[in-house]
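Generate coordinates for the entire structure from the input sequences, incorporating the hints supplied.
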Amino acid sequence: MSWALRLPAWIRTTSASLKGRLLIFLLGAVCLAAALQAWSSYRTALQEADQIFDYHMQQMALSLGGSLSGGVHDSNDDMELVIQAWTAEGLQVFQSTARARMPARAVLGFSNVTVNDHMYRVLSVQSGGQTVQVAQELAVRERLARRLAVRTVVPVAAMVPLLMIVVGWVVSHSLAPVERVRAQLSRRAADDLAPVASEGLPAEIQPMVGEFNSLLGRVQQSFEAQQHFVADAAHELRSPLTALKLQVQLLQRAPDEAARQLAQTRLAAGIDRASRLVEQLLLLARHDTQGAPRQPVVLAPLVEQVVGEHAAAAQARGIDLGLARLDAATVPGQPDALAVLMRNLVDNAIKYAPEGGKVDVSLVAEPGTREVRLRVEDNGPGIPPQERERVLDRFYRSPDRPQEASGSGLGLSIVNAIAERHGARLVLDASQALGGLRVDVVFASADAAATPSV
Amino acid sequence: MRLLLVEDDQMIGEPLLDLLRAESYAVDWVRDGEMANTALQSQNYDLMLLDLGLPRMDGLAVLRAARARKQRLPVLVMTARDALPQRVEGLDAGADDYVIKPFELDELLARVRALLRRAQGRAEPIYEHLGVALNPATHEATVNGQPVLLSAREWSVLEPLLARPGLVLSRQQIEEKLYGWKDEISSNAVEVYVHGLRKKLGAGVIQTVRGLGYLVPKE
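Here the protein sequences come in this chain order: A and B. For the first sequence, our numbering gives the first residue as 1, with consecutive numbering after it. For the second sequence, our numbering gives the first residue as 1, with consecutive numbering after it.
Among the hints, a few may not be true.
Residues on chain B that point at chain A, a partial pick, calculated with CB under 7 angstroms [unchecked claim]:
{"id": "1", "residue": "16"}
{"id": "2", "residue": "18"}
{"id": "3", "residue": "21"}
{"id": "4", "residue": "211"}
It should be emphasised that the hints constitute simulated quantities derived from the structure, not laboratory data. Glycine included, every Cβ here is placed at the ideal spot set by N, Cα and C.
Next up, the structure:
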C-alpha cells in the first residue's frame, strides 16, 4: 500500500477499489496511447506530405519553365501554390494569384522563407530560359497532417467508453467470488472455523484464501485444545468439590468434639487440594499461552534454590534428597517458568519415592556437547514404558494407583509445557542409578549457541 | 443394609464412608475396580455405590461383570463423567441410577433409599407392618403411632426383617448387614439387639426360628 500513499488524494480514495483503480489507470493508458499515436501519425503524415509536395512542386516548376507569360493568373489549385516566373533578364513574366507577394529569389533549389510571419516552402528552377519559382505555405502541409492524425485517433477515442464498460464488467465478474466469500464470512458464527470455499476464486486470491484457511485450521486446533482443557479442568474440579461438599456435611453432622476435629482437618486438607489444583491449572494455562522466553538463565543457583525449598518435605518423609552433580550452565529462558518446572519434578519425585527413599537432582553440561541436561531421578515405582507417553497428557493418572490426596494429574503436563516453550526435550526413562523414574530435561545451551548476540 | 462403596479418591471415600455409616448402613469401601469385583463375589451387598474412573479395572467393567454374574443388586453410579452418551452408556451397562459429582449428600442418600426400596419390591417410602413403622429417610420409628427411639444397630437389625415379612434371615445374614469388614463382632451381638428390640416393640414382632434365624411374621 505504500505506493498508494504517494498518489493524489482523489485517486487514493477511488483506488481503494480494485475496479476504480483499474478504470483510472486504464483510461490514463488509453489516452496516453491515443496521444502518442496521434503525434506519431502527425509526424509521419507531415514527412510524407513534404516529400509528395516537394516532388509535385519540382514537377510543376520544370513543366512550367518557358511556357509562362501574361501577368497574373488565378489558380484554383487546392495545393495553394504561388508561382512566379522571370526571364533570364530578370523581368517578371508571370505571377499567380497574389495571395502573397513572394520575394524575388536568387537561390536555386529548395529553401524555407518567412513572409509576413508565414513560413513558405520555395523552389526555384531555371527551365526553358525562365526562372520559375514555386512556393507553398507550410501551414497547408501541417493542416493536412493534422487532419490525418485526427482521423487515426477518432476510432480509438470512440472505443474508450466501450473499453471501460468491458473492463468494469470483467473486473466485477472476476471479483464476484470474492464478494461471495465476504458474504459467507459475514454470516459466520464466532466459533465457526470451517475453511472458506475457494473454488471459483481468481488465481491471485486463491493463495490468500488458502493461507487464511490454514490459519483458521490452526485457530481451530488451538480453540479445540482450549475447549478440551476447559472441559478437563471442569471435570477435574468436580472431585475436590465433591470431597469438599461431603466434608462440610460431615462437619455439620459431627456428633462430638473429636468427630468435629477430624472433619475440620479433612475439610482443610480438601481445601488445600482444591487450591493446589486451581493453582496448577492457572500455571498450565499461563505457560500454554506465554510467548517465547528470551533471557539467559544461569541454572545452577536455581537448582540449588529449588532443592533447598524441598528439603523439609523430603525430610518429613525420610527421603534423602540431594544434588548428584551441578555443572555451570546457562540456557535462554524465563527463570520463573524454569523454577516451576524444577519444582514440579522434585515434588513428583518426593511424592512417589518410598518413605526413606532417595531423590537425586543433577545438572550436567558435558563440554563436548551443546546440551544441558537437568535430571531428577528417584527410587520410586517408576513409570512402565507403555505409560511414559501418556503421563504427559493432562490429568492422566496411572490406572494402577488410586487417586492420591495431593495429585492433580497436571505436574508433568506443566513440566512438558514449559520444556516445549524452552525448546527443551523431556525424556522419561528408568533410572539406572536408583531404579525408579528418571526425568531428563534436555536444553540447548546458550553458551554454545550464540554468546555475543544475547 | 450392607453397601459396597467403590471410590478411589480418598478425600471422597473417607467422608462418604462416615456419612453412610451414620445413616446406619454397614459399608465396605474399596479403592479400585479389581477389589470391587472381588468383594462383589465374596459378599452379598444390598447396593453398590460405584465411581467409574477407577484404577486397575474401570467402573463400567465392574458393573458389566456383576451383571454378567446375574447379580441383581441396585447400582448407583457416582461420577464426574456427565456427558449424555456417558450417562446412557452407564445406565445401559446395568446401572440403576446416576449421580453427577459434585452431588448433594441428601440427594445421594435419598436415591440410595429409593433404590433399596425398589429392590425390595416396595413403592411406599415407609415400612409398616404389625403396627411398627420405620421411616428410613428420617430414621423415625413408631409403634402404633407412638415414637420409639432405636439405636443405629437396632435399626439395622430391624429394617431388613421388616422389609420382607415372612422371610427368615440367619444370624450371619443379619450380622453382614450390621458390620463392615473391620468392625469387631461379638458372638451374641445379634441376640442382644433382638432382645432390645423386643422390649421396645413388643415380643410378637420379631420371632425366632430355632436353628434358622429370625423373621417378622406375615399378618
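Report task. Kindly indicate which numbered hints from before are broken by the structure, ordering the numbers from low to high. Result -> 3, 4
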